[in-house]
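Here are the chains, one letter per residue:
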Amino acid sequence: MAETLLSARSLRKDYRLPRGQRLRAVDDVSLDVHAGEVLGVVGESGCGKSTLGRCLLRLTEASAGSLTFEGHDITGLSERALRPVRQRMQMVFQDSYASLNPRRRIGDLLAEPLRVHPDAHGRRRDMRAIEARLAELVDLVGLTPDALARYPHEFSGGQRQRINIARALALSPRLIVADEPVSALDVSIQAQIVNLFADLQARLGLTYVFIAHDLAVVRQISTRVAVMYLGAVVELGATDDVLHAPAHPYTSALIAAVPEPVVRADKLMPSLRGDVPSPVNPPPGCRFHTRCPVARPVCGQDAPTLRAVPDGRQVACHFPLAG
Amino acid sequence: MTGVEPILSVEGLSLAVPRGRTAMLPILENVSFSVGQGEILGIVGESGSGKSLTALTIMGLIDIPGARVTGSVRFRGRELVGLSQRAFRPLRGREIAMIFQDPMTAFTPVYTIGWQIDEQIRAHSRVSRAEARARTVRLLGDMGVPDPERAAGRYPHQLSGGLRQRAMIAMALSCNPSLLIADEPTTALDVTVQAQILELLRSLRRDYGSSVLLITHDMGVVAQTCDSTLVLYAGNLAERGPTEALFARPGHPYTAALLDSIPPLHGVRPSRLPSIGGAPPSPASRPPGCPFAPRCVHDHPACHDSRPPVVREGRQDVACVLPGEGRSLPLRLREAV
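Protein chains in written order, with UniProt numbering: chain A, 1 to 323; chain B, 1 to 337.
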């Protein structure tokens, strides 16, 4: 069994809305991220996947629950005490342009984390050490050294995402949370960046939490997949189990709704009716029962909890389809 | 292609915009296609390929000062290129309707959905308010909006993204247009809602006899929705033909590479995704030969002199020199899932 790098227990995030309303973006999520794995997190917009990603790194403070990183409880750590931990967990965002200060050169942007954080011996890095690291970084992500002297606007979306990845790698983190890192890119570029993520993982022994709405992209890169619906994880297991023989009716419907680039006689038919309900007023019982094709009366009353099924995956459903 | 006379016939359409004092920058180059009665044609391409500008050019909505549109756009036999804005007005909305990616910005936020659809109906036909509202409610119902009467009384921000897009399609169909242009209509939607909207678009042909020009970046959306497909690359036609044939045996290396770079949802997971190196050229840096040549694995000297001719390859038309050299592309292997 691989080391558990990051562990979340009963993580919850509430946002207060006007008129005393409350939006529970993340609802009682418990999961472990094992060292060296890629945990894919999928779900539709508003399911809480991005909020979960930010909570895992404490970029957003969870309302309740606990977080353990490398065996240490980091839930209550002060910003100051969290700093050394932050070097080991980094984030890559969807919008590659908004993530980079347009007025600073790439070299400057990549050097910043190296200037802020001390090296492995607790010493400030000198100019020479920083320059050497910058050269390594651009090489790692497939850019040429002349990129360092240029500005973000001089690069295409795919190249800018390479720069963001390089910055996330600057301090040699163990964990990277990537939030929709390829969804703003055209498919031909998307494939390059997905490959880059895979190569870097193999080369540097990284661990990823890879958040995306695109099931095919998540399948390509992930070892395990967590499927979220209205703030909760509804299914969690090995990628091949979850995506080939889904146990939760929502996972199954999500897979069935993906338009595949293959022409078949039977066209894609809607697998679900209606929209995702508002997270402000989630349905009682199982939150999916209002759209679920196999719901029974009990589903509207009792909320199923995430529990292990015989094949090892976890499902939050009274009547799982597989496992 | 169904029917004898196509609804829309585009021949050698080009768009160039001024650059500096004298130079013209080509945006669209010599694009040709046609949409038959009741046909759904997909225009697919990456960002910057010119797919949205093709739609705007057809609609006469290019308002860049000094822009030059050449070629021919015949809509039900009538030439649209060069038509005055005044002559265009009765066509837009009534004969050719358009829906956009973001229904939130296409509706005005200060009026109810129903008011806006009523207005569109009353702008093009002489009917009373009550008649217009009755038609609006019927349309919303047809588009799968639950409780259409109540939905008509709501403001755009009160509806979900999926419902807004249905309302948008209802508004587009309110005057029974013979051609619907849909520009990335599902891109802002989640997959489960997207599947519903795509099914709705397919049903339009059956229930309304509409022809649809569907613009998208998503090859999956095209495969599931369109009868024929046009692939654009850097403002130029790469390939055009029946969707089934084009996906089973792409004739253009760009189409083939694009399909290969999409990670599969079923079957064997490739250890690496076949990707296309580099990025599409900007309009100012398009090479003189085949615009895809710098990224193409089949690149050879014949690709460099001038734009490749559009030739017949199987059931498609392909802008590539390979078929002429007797070097057709192989059948796609990934099809066998």
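Just so you know, these hints were derived from the structure itself, not from any lab. Check each hint, because a few of them may be wrong.
What the hints assert, rightly or not - Below, in silico cross-link-like pairs of lysine to aspartate or glutamate (DMTMM-like), each with a Cα-Cα straight-line distance of 25 Å or less:
1. A:LYS267 with B:GLU131
2. A:LYS267 with B:ASP142
3. A:LYS267 with B:GLU199
4. A:LYS267 with A:ASP311
5. A:LYS267 with A:ASP95
To be verified - Here are some of the chain A residues that sit facing chain B, going by a computed Cβ distance under 8 Å:
6. ILE189
7. SER271
8. PRO320
9. ALA322
Beta carbons: idealized from backbone N, C-alpha and C, even for Gly.
Now the hints, each set against the structure:
no.	hint	in the structure
1	A:LYS267 with B:GLU131	36 Å, violated
2	A:LYS267 with B:ASP142	21 Å, holds
3	A:LYS267 with B:GLU199	9 Å, holds
4	A:LYS267 with A:ASP311	32 Å, violated
5	A:LYS267 with A:ASP95	33 Å, violated
6	ILE189	6 Å, holds
7	SER271	6 Å, holds
8	PRO320	19 Å, violated
9	ALA322	16 Å, violated
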